[in-house]
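Trainee: One letter stands for each residue in the lines below.
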Amino acid sequence: MRYLILFLGLLVFASPVSAVDPSEMLSNSLMETRAREISKGLRCVVCQNQSIDDSDAALARDLRVLVRERLVAGDSDNEVVEYVVSRYGDFVLLKPPFKGATLVLWGGPVLFVLIAFFAGLGFYRRQRRGAPSKPAAVALSNTERARLNDLLDKDGS
Amino acid sequence: MNRRVFFLIPLVVFLILTGYFAVGLTKDPKRLPSMLEGKPVPDFDLKPIKGRDNKGFASTDLKGSVALVNIFGSWCVACRAEHPFLMDLKESGAVTIHGIDWREEDPDAGAAWLKKHGDPYALVGDDPKSRAAIAFGVTGAPETFLVDAKGVIRHKIVGPLDKKIWENTVKPMIERLRKVGAS
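Top to bottom, those sequences are chains B and D.
Here this note's numbering runs 773 ahead of the position in the first sequence, where the first position is 1.
Mapping the second sequence onto this note's numbering, position 134 (from 1) lands on 116, and the numbers just tick up by one.
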């Protein structure tokens, strides 16, 4: 029990780790924060589903250093991102931009919600108009009831 | 409208999705579109690698004739597999090949590797911090870029260059580029 409490207590101090090495970090903490924010939005092209902030790959490390050097040289956040995009394409952005080529990507979910909404609305209206979609339940006839009882009896034995 | 048609909608959607998957799943997700084909080579100026006699390799060296730029490293297994073909290519004299030695941890390793396996390159630049590699949009080694006489990137080959890719794609492109350049 004591260990459990200790374990849970330690979890309080747990925080997500990133792959950023202390030697890479900038001494200017404001700039370091900007670098971290940019890195979180850039995909590691080696491991693809990690950001360069999370990735241990050598190329991701070099990209992190490059991001920092460009910031120090006076680039704005956008200029840094644009440089990397000009080399690797929109693919490196973990959040793809809204433009012609990505219209289906961004518009697709909205389109499907609209389709579902109108389909539902149409269905609801038809129901209200009183068009019976199913025949009403009919009571069993005597022969049917006898057959059912017969079957249930057989099953029970 | 005939209501029966609605029953076909899921089937149609299914067939469309199947079509997309049939094409999409055969593609290699590691192959990214190149941003640089049709654009001038990025500016770079690399120092020579330690232990090899040359002057380094810069973007200005690519003006004047068609050339291949090959990204390699002594740590790269696929480059080792590609290497004999690059040696053959050099022997044939078909095209000048320049090398970018990418991310050597040991500064002597690149030259030692070239000494051991042969050196197909005219110029070799050292790129320990991926500067040139990132500028070229490289995601892994080996990658090879076909650069025309004006210094414009015409084609990018991801992975080892081999005889098949050379004969089918690169060689015809070089011949076409030279014809255009000569006229």
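Bear in mind the hints are in silico, worked out from the structure with no lab data behind them.
Just so you know, not all the hints are guaranteed correct.
[Stated by the list, open to error] Distance ranges between label pairs, derived from CB positions: (1) D/Lys145 with B/Gly847: 41 to 49 angstroms; (2) D/Val59 with B/Glu797: 23 to 31 angstroms; (3) B/Lys868 with D/Gly46: 37 to 45 angstroms; (4) D/Pro24 with B/Leu799: 21 to 29 angstroms; (5) D/Lys29 with B/Val883: 51 to 59 angstroms; (6) D/Val(-6) with B/Ala831: 41 to 49 angstroms.
[What the hints assert, rightly or not] A short list of chain B residues far from chain D (calculated; beta carbon distances all over 10 angstroms): (7) Arg775; (8) Tyr776; (9) Leu781; (10) Val793; (11) Met798; (12) Arg809; (13) Gly847; (14) Asn851; (15) Gly862; (16) Gly873; (17) Ala889; (18) Phe891; (19) Ala910; (20) Val911; (21) Ser914; (22) Arg920.
Cβ coordinates follow ideal geometry from the N, Cα and C atoms, glycine included.
Trainee: Now look at each hint and say whether the structure bears it out.
Mentor: Outcome of the hint check:
For lysine 145 of chain D and glycine 847 of chain B, the Cβ-Cβ distance of about 48 angstroms falls inside the hinted range of 41 to 49 angstroms, so the restraint holds. A beta carbon spacing of about 27 angstroms between valine 59 of chain D and glutamate 797 of chain B agrees with the range 23 to 31 angstroms that was offered as a hint. Distance hint check: the CB atoms of lysine 868 of chain B and glycine 46 of chain D are about 42 angstroms apart, consistent with the given range 37 to 45 angstroms. In this structure the hint that proline 24 of chain D and leucine 799 of chain B lie 21 to 29 angstroms apart at CB holds, the actual value being about 25 angstroms.
Between lysine 29 of chain D and valine 883 of chain B the beta carbons are some 53 angstroms apart, a value that agrees with the proposed interval 51 to 59 angstroms. Taken as a hint, the range 41 to 49 angstroms holds for the pair valine -6 of chain D and alanine 831 of chain B, whose Cβ atoms sit roughly 47 angstroms apart. Once the 10 angstroms rule is applied to beta carbons, arginine 775 of chain B is consistent with being away from chain D; the minimum gap is 47 angstroms. Listed as a non-interface residue, tyrosine 776 of chain B keeps its Cβ farther than 10 angstroms from every Cβ of chain D; the least gap is roughly 42 angstroms.
For leucine 781 of chain B, the condition that its CB be more than 10 angstroms from all CB atoms of chain D holds, with the nearest at approximately 40 angstroms. Listed as outside the interface, valine 793 of chain B is consistent with that label: its C-beta sits roughly 16 angstroms from the nearest C-beta of chain D, beyond the 10 angstroms cut-off. The non-interface label for methionine 798 of chain B is consistent with chain D: the shortest C-beta to C-beta separation is roughly 17 angstroms, beyond 10 angstroms. The Cβ of arginine 809 of chain B lies farther than 10 angstroms from every Cβ of chain D, with a closest approach of about 19 angstroms, so its non-interface assignment holds.
For glycine 847 of chain B, the requirement that its beta carbon stay farther than 10 angstroms from each beta carbon of chain D is met, with the minimum near 18 angstroms. Under the 10 angstroms C-beta cut-off, the non-interface status given to asparagine 851 of chain B relative to chain D holds; the minimum distance is some 17 angstroms. The beta carbon of glycine 862 of chain B is not kept farther than 10 angstroms from every beta carbon of chain D, the shortest such distance being approximately 5 angstroms. The non-interface label for glycine 873 of chain B is consistent with chain D: the shortest C-beta to C-beta separation is roughly 15 angstroms, beyond 10 angstroms.
Separation of alanine 889 of chain B from chain D is adequate, the least Cβ-Cβ distance of about 13 angstroms exceeding the 10 angstroms criterion. At roughly 13 angstroms, the least C-beta separation between phenylalanine 891 of chain B and chain D is larger than 10 angstroms, which holds for a residue marked as non-interface. Listed as outside the interface, alanine 910 of chain B is consistent with that label: its C-beta sits roughly 24 angstroms from the nearest C-beta of chain D, beyond the 10 angstroms cut-off. The non-interface label for valine 911 of chain B is consistent with chain D: the shortest C-beta to C-beta separation is roughly 25 angstroms, beyond 10 angstroms.
Distance check for serine 914 of chain B against chain D: the nearest CB is about 32 angstroms away, which clears 10 angstroms, and the non-interface claim stands. Arginine 920 of chain B, annotated as away from the interface, keeps every beta carbon of chain D farther than 10 angstroms; the closest lies near 34 angstroms.
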